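Chains as they are written, first to last, in the working numbering: chain A, 1 to 165; chain B, 1001 to 1165.
Please keep in mind that the hints were generated in silico from the structure rather than gathered at the bench.
Heads up, a few of these hints could be off.
[Said to hold, decoys possible] Derived list of chain A stretches under chain B, where covered just means 3 residues or more per stretch with a C-beta under 8 angstroms from a C-beta of chain B: (1) 16-28; (2) 34-44; (3) 64-76; (4) 80-91; (5) 123-130.
These figures come from a predicted structure and were not determined experimentally.
A virtual CB, placed ideally from N, CA and C, is assigned to each residue, including glycine.
The lines below spell out each chain.
Protein chains: 2
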Amino acid sequence: MTKTADAADLQKISGLIKDIKVAMLTSEDGGHLRSRPMVAAQKDFAGELYFFTRASAAKVGEVQSHGSVNVSYADAERQNYVSLSGTASIEHDRRVVEAHWSEAMRTWFPNGKSDPDIAILKVSVEQAEYWDAPSSTMVYLYGYVKAVTTGRPPQPGENEKLRIA
Amino acid sequence: MTKTADAADLQKISGLIKDIKVAMLTSEDGGHLRSRPMVAAQKDFAGELYFFTRASAAKVGEVQSHGSVNVSYADAERQNYVSLSGTASIEHDRRVVEAHWSEAMRTWFPNGKSDPDIAILKVSVEQAEYWDAPSSTMVYLYGYVKAVTTGRPPQPGENEKLRIA
């Protein structure tokens, strides 16, 4: 079931998540699992995810005490779903902030990249799973028809579980 | 910041999630947080969420050993995001399965509601958070303009944190 990710796998995940601007980051907070929308700050995926955050935000404290997080991407239109499990850390290094900055980030950080309260929440991904359907409507319909005619559940796309070395 | 949810709050959350057919359920698995798409099986939200699952699925074991889960709903088009934190349990009671069954579920469970491997994964929600933008594009643009003209971050919708009694 689980295999170690190779370059093609990383490219596949990169392709699935690149058009999903907002991911849900789940972390542990006093026994509860909480999630919140995060705006992705990187174009390509090579095992690490980068999000901008306020250094003073509550989630920064949460990930510092419980580093295990999940980042999920849901694209309802294409019926693509990705789960990335990993360890979060906070980067205060201004060079890291500047390397990921884009002007679109001014929506959330109007003072620009020199704002001292901006930090990077970095997730080092250890496990990845994805569900993708090349054409969701077709697969859904095909799956439904196939399910009722054969009595077997449909295979709506692929489900690969990857371990990222 | 946190208030106890009243009927209007539950209705608000119900409205935000009712058109999002697939939620991401995050649970803990051997130190990792994993998420997977789940098809919602209820129409209205009154503090509990119901999903169909195979009784033999790996996630059933995960939620039985670590009941704390998060259910996140992302509607990228409307820029609505909901985080529901709670405790999961598995209902094998056939009356519960039948009460939530709809024929659309045959896509995933072709043998119908009498399949003995069908169970209900129920989440009793304890905390809710949501981010909603009545008109995402307008708010995004307004927020961006406001951010660059006033130097203050935009308020893209509301962010309410609720405790469900």
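Exercise. Of the hints stated earlier, which fail here?
Worked result: none
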